[in-house]
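Trainee: Residue numbers (the numbering used here), protein chains in the order written: chain A, 4 to 278; chain B, 2 to 340.
Honestly, the hints are just simulated from the structure, not real lab data. Every residue, glycine too, gets a C-beta built ideally from N, C-alpha and C. There's no promise every hint is true.
[Said to hold, decoys possible] Quick list of the computed label-pair ranges, beta carbon to beta carbon:
hint : chain 1 : residue 1 : chain 2 : residue 2 : range
1    : A       : Leu264    : B       : Pro21     : 20 to 28 Å
2    : A       : Leu264    : B       : Glu96     : 35 to 43 Å
3    : B       : Ala140    : A       : Leu163    : 42 to 50 Å
4    : A       : Val57     : B       : Gln80     : 55 to 63 Å
5    : B       : Pro158    : A       : Leu15     : 22 to 30 Å
6    : B       : Gly29     : A       : Trp267    : 26 to 34 Å
7    : B       : Glu326    : A       : Gly42     : 54 to 62 Å
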Amino acid sequence: MSVDGLAPRQRLAAYAGVARVQLRTQLVYRGDFLFRLLGLLVNIYMLRLVWDAVYPASGTATGNGGHRIALATQIAYVTLALVQNWLLNSGGMGFIPQRVREGTVAVDLARPVRFPSQMVWAQAGAVAAQLPFTVVALPFALLVGGARPPASVGAAFGYLLSLLPAVLISLLLTTLVQMVAFWTLETSGIFVIHRFVQQFLAGALVPLWFMPGWLRVLAEWMPFQATTYAPVAVYLGQAGVWATLGVQLLWCAVLLMLLRLMWWRALRRVVVQGG
Amino acid sequence: MPTPKPIIQVEGLAKEFRRPKRIEGPFGGIRTLFTRQYVSKLAVDGIDFTVDEGELIGYLGPNGAGKSTTIKILTGILQPTQGSVEVAGVVPWKERERNARNIGVVFGQRTQLWWDLPLRDSLELIGKLYGVERDRHRANIERFTELLGLAAFIDTPVRQLSLGQRMRGDLAAAMLPEPRILYLDEPTIGLDVVAKERIRAFIATLNKDEGTTVILTTHDLDDVEKLCRRIVLIDGGKVLYDGSVEKLKARYAPRRRLVVQLAEGARWRGVAMPGVEEAPPEEDAEPGTVALLFDPETAASAEVIAAVLADHQVTDLSIVEPELEGVVHRIYAAREAVA
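Only chain A is shown next, with the shape it has when bound in the complex (with noise of 0.2 Å):
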């Protein structure tokens, strides 16, 4: 008698499982939303005041493509790129170091599904329970910054669907970046950097549009950009719908790959903690 892996109908249901468990384990801890949103309003309120003192009398601006940037059109973006900013990264990036620092990868490795997987899945939960609160902060949100229509009925179409690709690839960055802590086993100093990063690349602070030419070809090199900056702009009608969404499935399928690769280097490099 010998038993075969999962069929892939049961791997699906393993890992909605995973990611059902992390949903309701982040729940438990629902107290801190309060602050979350408080520092979420701070944020917008003054990303608002500083575009506000910058922007010239006339109202709009010129951005980088030479196309004019209404002053609202700037508020409704950063709005909304900090709120969606604020919704991808909140699972926060603890999840992987803590298992390799206290040992318990050695649980999810005697598992009979992907250990990569497991960890995009429950980290796709605790995004997942973080969605009612999203909507709850959304018009404090709006009131504290300011609000637009989607440019057209195609943009705003196009902006639900480039969603999608922007929470997996949200999701496989931080895997991937969590996973350092397989080589190092301190990481707190390299998720300092990845914030910034992070949240500078991907336009949450300042759009691609108005970075310098040489960082505007940088940001838009790199994949955070894809998780951000890239649904807004195609809300507020300032990119293709199209063009936007190859970008983010193309983005989705090197990140795959490269957590692939990457998870064959680690696991000739686990070392599980403890006795």
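Put chain B on the given structure of chain A with help from the hints.
Mentor: Same frame as chain A, now just chain B:
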């Protein structure tokens, strides 16, 4: 009838750990990151053994002997440096996920349960992770809830459980997918006597009724004496002994102890028999007790007792078998003396 193939085969297993050499002095931490020098340690150094389906073996050794490393290799978590392993026809680290469906693991020092959620949530997720059919899983949860007495705390978050309750939960989680092999890595560590007894009874039941093959590592030799017929003893990454508990005792502590309680006022005159000698008196011995040591191979118990009774007035007699604890203690001590 041909003998069935062993369910676990381990041959020439070795595992070497390498870690970068720590550099002391200024910026030592950063220099350590870039060093090319390594310190290596052989945690497992050529281990062979086989386990037949349905066996319950104790896998023993002092701290750092290589027990946990072996278990991690058998579960597919670690890749060995050398040697071959087959568990139920699967090479664990090559097909980790397939191997995982054949085995259950309990690590006494960490839990596989989800800390913040009720125990029930963990048990339910296990069914999905192992692809167990839903009705069957539900029936299994019911069965193990009864066997392990989980009903009182199955809806309590795991972090609020006592260690004994958590361990019962972990055992249920490991056994829910009905694995053929169960690895228990110190399952009774830190538990009180009652909790230990309960866990032992459960392990014995599994092995007897379900035919689950059990590999038990522990420092509690009571566990071993009560559960295992066979033990594999390792130290320094090598197998020191592989066989039955009785043979181990016979080899390392062949002599039995006869404790004699003399009647009041009676005087000890000694027993003149080859192979029988008086044991040095123990500190907490009651007055009027004498202990004799003898090897049942050369002097039969009945003859020794007869010789004592012929010359003395005695109120009580008892024969004490050597305890595994003492035996293992002597083996470890002897190894340390050599090293």
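Trainee: Does each hint fit the structure? Answer for all of them.
Mentor: A quick look at each hint next to the structure:
1. Leu264(A) x Pro21(B): 20 to 28 Å: Because 23 Å falls inside the window, the suggested range holds.
2. Leu264(A) x Glu96(B): 35 to 43 Å: Violated, at about 20 Å.
3. Ala140(B) x Leu163(A): 42 to 50 Å: holds (43 Å)
4. Val57(A) x Gln80(B): 55 to 63 Å: Holds, at about 57 Å.
5. Pro158(B) x Leu15(A): 22 to 30 Å: holds (27 Å)
6. Gly29(B) x Trp267(A): 26 to 34 Å: Given about 31 Å between the Cβ atoms, the range holds.
7. Glu326(B) x Gly42(A): 54 to 62 Å: holds (58 Å)
In this structure, only the earlier hint numbered 2 is contradicted, and the remaining ones agree with it.
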